[in-house]
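Could you fit the two chains together into a complex? Lean on the hints.
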Amino acid sequence: MSTDLSHFKDAFFEESQEHLTTIEEGLLQLEQRPGDIDLLNRIFRGAHSIKGNSGMFGFTAVSQFTHKMESVLDQLRSSQMVVTVAITDLLLQSLDCLKTLIDCARTGAAPDEAHVAALGGRLEACQGTPAPGQATAVPAADERSLPPGTHRFTITWAPPRYLFQRGLDPAQFLKELASLGTVTHLALDAGRLPVLMELDPEQCYLGWTLELETGKDLKVIDAVFDFVREDSTLTIVDNPVETHPTAAVSDGAKPLGEILVETGVVSQTQLNQALSQQKKVGEILVEQKVATPEQISEALKKQSECTVPAKKAETPSIRVDTVKIDRLINLVGELVITQSMLSDLGSRFEMSQLPVLLERVAQLERNTREIQERVMGIRMVPIGNAFSRFPRLVRDLSGKAGKKIQLILSGEETELDKTVIESIGDPLTHLVRNSADHGLEPPDERLAAGKPEQGIIRLNAFHEGGSICITVEDDGRGLNRDKILAKGIKQGLIAESDKLSDEQIWMLIFKPGFSTAEKVTDVSGRGVGMDVVKRNIEGLGGTVSIKTVTGKGTTFTLKLPLTLAIIEGMTVRVGQDTYIVPLLSILESIQPKREMLKSIVGKGELVNVRGTYLPLMRLYDVFRLEPELSDPTKAILLILETEGERVAVMVDEILGQQQVVIKSMEQNFRKIEGVAGATILGDGTVGFILDVRGLLNISRNGTAQAA
Amino acid sequence: MAKTVLVVDDSPTMRQMVAFTLTSAGYQVVEAGNGKEAVGKVNGGAKPDLVVTDLNMPEMDGITLIKEIRKMPALKFTPILMLTTEASDDKKKAGQAAGATGWIVKPFNPEQMMAVIKKVLPG
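From first to last, the protein sequence lines stand for chains A and B.
Mapping of the first sequence onto my numbering: position 159 corresponds to residue 159, and the numbering continues sequentially without gaps.
Mapping of the second sequence onto my numbering: position 58 corresponds to residue 58, and the numbering continues sequentially without gaps.
Please note that the accuracy of each hint is not assured.
Within a straight-line C-alpha distance of at most 20 Å, the following computed SDA-like cross-link-like pairs (lysine to any residue) qualify [stated by the list, open to error]: (1) Lys92(B) with Ser71(A); (2) Lys99(A) with Ser71(A); (3) Lys76(B) with Gln172(A); (4) Lys71(B) with Asp169(A); (5) Lys663(A) with Glu373(A); (6) Lys76(B) with Pro201(A).
To spell it out: a stretch of chain A is covered by chain B in this simulated footprint if at least three of its residues, at any positions, have a beta carbon under 8 Å from a beta carbon of chain B; those stretches are [as the list claims (entries may be wrong)]: (7) 10 to 17; (8) 47 to 53; (9) 159 to 166; (10) 225 to 237.
In case anyone wonders, no lab produced these hints; they're calculated from the structure.
All C-beta atoms, glycine included, are put in the ideal place defined by N, C-alpha and C.
Just chain B, same shape as in the assembly (with noise of 0.2 Å):
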């Protein structure tokens, strides 16, 4: 069965892109706008395999989402993989804390992207 990818940003633009590599991959994607709306997704029924999400985000960010679903038992070992911009220490380390599985820095092409995806989803 297809592995489902829940995407969160709030750049239309970068969902769909994300989304498109993914779909071309052969991934399912469930796509939302913020974290807040990634939980309502999750709370909603959706069950994903892995999460890719952006941090700098509205209503809620990317930090405070993957805490929320660490808390989550059904997600608590689920993959979570955080977009940022910055190669900064700090981001990284503050994800790390939340219970990020990894990262991927921006800019990316659609190769790096499946490259970091499959170091931490199981095939």
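Just chain A, with the same shape it has in the complex (with noise of 0.2 Å):
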């Protein structure tokens, strides 16, 4: 192949997920609205394109699949067949089995042969009629000819009338012809001609008669008139001049079974039946004595291991929006204007432009901000993606439970980043999983509550500030506060003699290893989950929080940071050094009169914050610096707050605020307690990001590492 089409590789795969992604939530809506032509001939494109797509690269094993697929779609969609849950349990195994063959096309691994052939006969039995065809069977008539000998052909041909209506050009014909060999001989046949006045101009009433030479055989010849063999009169004579003996075609052997596929003998079934009986290269060697079941073993480990790199290589995409790009691309014109401009300022500079110059920079400074966030917004994909998994899966848990259950989806545009949609799958399956299990009642409980029998699990989205909150609500029975309790004593996450607030009580689920559910089912119950949505969260800069009503419902919200690369901070000063407080964490800063400090001993300094003791914490003892001041009642305190706890920082100065670029410090040096990370400030030195969390915990540990 001259062209190589290698490269649009990723594309199709990209554009496959999407098609996917088309075809279960399709599949899914299908239930509800199981006579829905568009629904049907959405879902039909999304298999067909994927059918298309991939005969062009060659996975002739998913276009073989999808054509299967494709097959029952269609008599669904001209209604010879009708959707039943059967049917689309059936689909939907299908597509599950569609993906992998697809990830095994990028990932070049082997799929599982006799699932595929199992499913595939499923989908064909369920048509009633097999279906002979084959997605890509085409025979292509050049590979398929008989070797050279020199034929002279006679063709007469009359083409139809409406030749021109078509957009074909009979001179098209006859170059073709000629192409293929000699002409020899040329007639014109226009006894179709009527009078002149009777003569349409669009129409075409000639024929030709000629005589070719040529080494090409018929099937080539006749080829020629592919788009028009059905209305044209057409005679092709063969008059062959000297033969050789057939040779055997040889090039690119057929394996046997495509040619016992081919000509009949068995079916496509039968054949991968037989395939999937063959046995595995280790297991014949250990049968034979050759080699150990561990060296097998061993050996297979290697090979995998070769396989996950080229996995890993792989480099995702993202796709832009083209009017965020057209955007960006102005902004940066605009960038380019500002820095000429300055640039002019500068060669010939004198004070009493100065005003101009500040003008100028003020400028830049718009034009990099504005960039920045164009820039950060390329990244920011709407939440739609992470959702778009749930009504499969809770159709799949409502089916296990027992329960009948509505997901209503909404603020699926929410745009937020890629690294942090990706990471939130997880969390919030667990979360959906959690209220389909514990938090909705089975149908009888409900109706003996009063409530409607079908339980609504409710997912959605949307900005808050400079953060975006997701939040998965139930109308199920709500938290039991006192089995909550009663188990956390039992456990020892809690001593009897704690007094908890409610929010402190709900918190106690997130604890490793708790679980109230009185069964375990294979959904959830076994106490690992919530205490993992908790960790990923927080892993991402985010927060859970619960709200529960009994008999009500319950609501988990996640709050997020937008991005994971760029906080908006704090900048506060202690002795010569300056630290990075993110924004989201501070509540107030205060100067503390004299008599709302107070000391106890073994629990440190205290500050009365409005009736509430909070501990206070001096940031120069934390990283042991040299301050500008140490008496409180001068300096500044920082109220932070996280998860509920909150401290109160003591600094020297409130210097400004500022979007911050985090550093990692573990990547570039170690952890260290009580600092989330570094960054570059304005002046070029390294200013420290505080981690609120970490500083939490040396206050209540009192424990404290040099910086």
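Given below as structure tokens:
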């Protein structure tokens, strides 16, 4: 192939993902609206595109399998079959199989042939008649041509009158024929021409007879007329001049199975079954006692090690709205203009021009900030991508748990950073499973409580300030305060004497090992999950909170930063050093009066903020610095909050507010308790970003390290 | 002057591949994601020497597009090739009746596609 299309493969895989999502969403909606032709068409188109595209790249396994799905869809679409739960189930299973096949095509791994064949068989079986044709069976005429021998063909052709209406040009046919060999004789047949008055210039009345000497065979000549054969009067007479004995065509010999299928000796399904019985090399070697099972598994491990890095090497790509890119390019244009204005000003600068300079610099700042925002915007994708897996999940869950559940999604268009979206999938899944399994009651219990039989789970996403909130809400039984308390005491997570606020009690369910479900299902109830949810969300710099009303339902709220790379920070000074405090965690800053301060033995210093005593931390103590001020009443106290806990941190001065790019400490140095990362400040020095969670730990344990 | 080809397919991958092959062969390419878009491109001033269109598309399918194009005086005789996965005669017949010049059966490789194009587009 002279033109290499392989670099479109990435595009194919990405597009296929979209089609897969369309098909899955469509199939799920189909259960509600079985007669919706538009919907069926949409699903069909998705499958159709995958089939067509995969064939182009030679992923025959994918295109053949999709073809079978497509046949079923086509029958549904043309009302030859009716949408039933069994068929939707089968199609959904096939979709999963198709996903795997596409993954295999991407990684080059071998798919589970037996499974694919079994599903393929079921797809064919459910249509009643097995589909004989294969998607990719396109016999290319020139490849099958007989060995050369010169022929003299006599071709008589009278094209249909409407030839021109279809954009066809008789001259093209004559040219093509001429390109195949030598035209030794050409005659025009004008017998069909009407009298001038009746002649329609847009009709074709002519015909031709020609003699062609060529090494090609009849098939090739015949193929020239592919597009017009039906309404043409066409005769092709073959007068062989000399022939050579037929030589066997052996290039690219086909596998035996394929030939058997083509000749109709066995069906594809039978062949696949036979193939699936083929033993693996390892098994045979073990049976012959040439190798031990251990040696084989060792070798298999090596094999998989070789394939794993290849899988990781693929570079993830992102689809960006062209509008976003156009705006960015506009902005870069403006930046270039500002830059040239500045260099122009710099080349002949006088002090009198200082205001102009300042104005230009301000303009540069505006440009930079806007470009920064736009570039961040490129990484922003709608959260709908992460939501799309839930309709299927909830359908499966409701089947397993024997509950009727309706899932309502909203705010799918809310955008957030691609990395964040990728990382919240699992925590969200846990929460949805939790709601389906623990939150919602079984139908009889719901009816008894005077609620509709069908439970509702709502997933919603929205922006709130600089962060994004995702809520998972159910209208189930709500969290049971007493049960959680009892369980917490039993598991030694809390003491009986502890006085806990409601909020603190709800937070117990995020402790490792905590589960109140009476019975363990395969969905949830093993006490793993909720603690992982919390850890994952906190790892993203977010928080989880719970609201619950007994008998009415529970809402989990995830609050996440829009992006991981940049935070809005407050710069503060302690002695000679500058620190950055994440703005999200600052509640307020105060200058305390003498009577607000208290010292308690064993608990350190406290400060009374409107009736609540908060631990007071002197930042210079934590990082062993030389402060300018050591008297809290002269310094500034920042009240910081994370996960409902608060602490007052004492600094010398607040410098200002700015966006900072987080550079990891662990990657470049090592982890330091109380420091989340570092950044480069405006003057080129390094500033540390405080980790509020870490600071709280230090204040509780009283340990600190020098930074 | 380079000939212009209007490529109509709802699958971006397919469109890109066809466009890439055509551009490599020295053609100018105008792309459209469905029949409606294609009609819009033509009304907007695109003058294709050849139209290559998929059949199954949202908004406006290939057959309707072919009929629409044949109604336009400027494109009355312009060759139109349809891309089809079905080697079935039904689709071909429907296409022919609508005024399609010919068809390219998927999957095809660039050589096969160029061969069909050379067949219908005067050099």
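Three residues or more, CB to CB closer than 8 Å: is that satisfied between the stretch 10 to 17 of chain A and chain B?
holds (count 3)
Is Lys92(B) within 20 Å of Ser71(A), Cα to Cα?
Distance of about 18 Å is within 20 Å: holds.
CA of Lys71(B) to CA of Asp169(A), is that 20 Å or under?
holds, 18 Å
Within 20 Å, alpha carbon to alpha carbon, are Lys76(B) and Pro201(A)?
Holds, because 13 Å separates the two Cα atoms, which is no more than 20 Å.
Satisfaction of hint between Ser71(A) and Lys99(A), Cα-Cα up to 20 Å:
Holds. Lys99(A) to Ser71(A) sits at ~18 Å (cutoff 20 Å).
Please verify whether Lys663(A) and Glu373(A) have alpha carbons no more than 20 Å apart.
holds, 18 Å
How does the coverage statement for the stretch 225 to 237 of chain A fare against chain B, requiring three or more residues with Cβ below 8 Å from a Cβ of that chain?
holds (count 3)
Outcome, coverage hint (the stretch 47 to 53 of chain A, chain B; C-beta under 8 Å; three residues):
holds (count 5)
Could you grab the alpha-carbon distance between Lys76(B) and Gln172(A) and see if it respects the 20 Å cut-off?
holds, 17 Å
Taking a Cβ-Cβ distance under 8 Å as contact, does the stretch 159 to 166 of chain A have three or more residues in contact with chain B?
holds (count 3)
The structure fails none of the hints (numbered hints given earlier).
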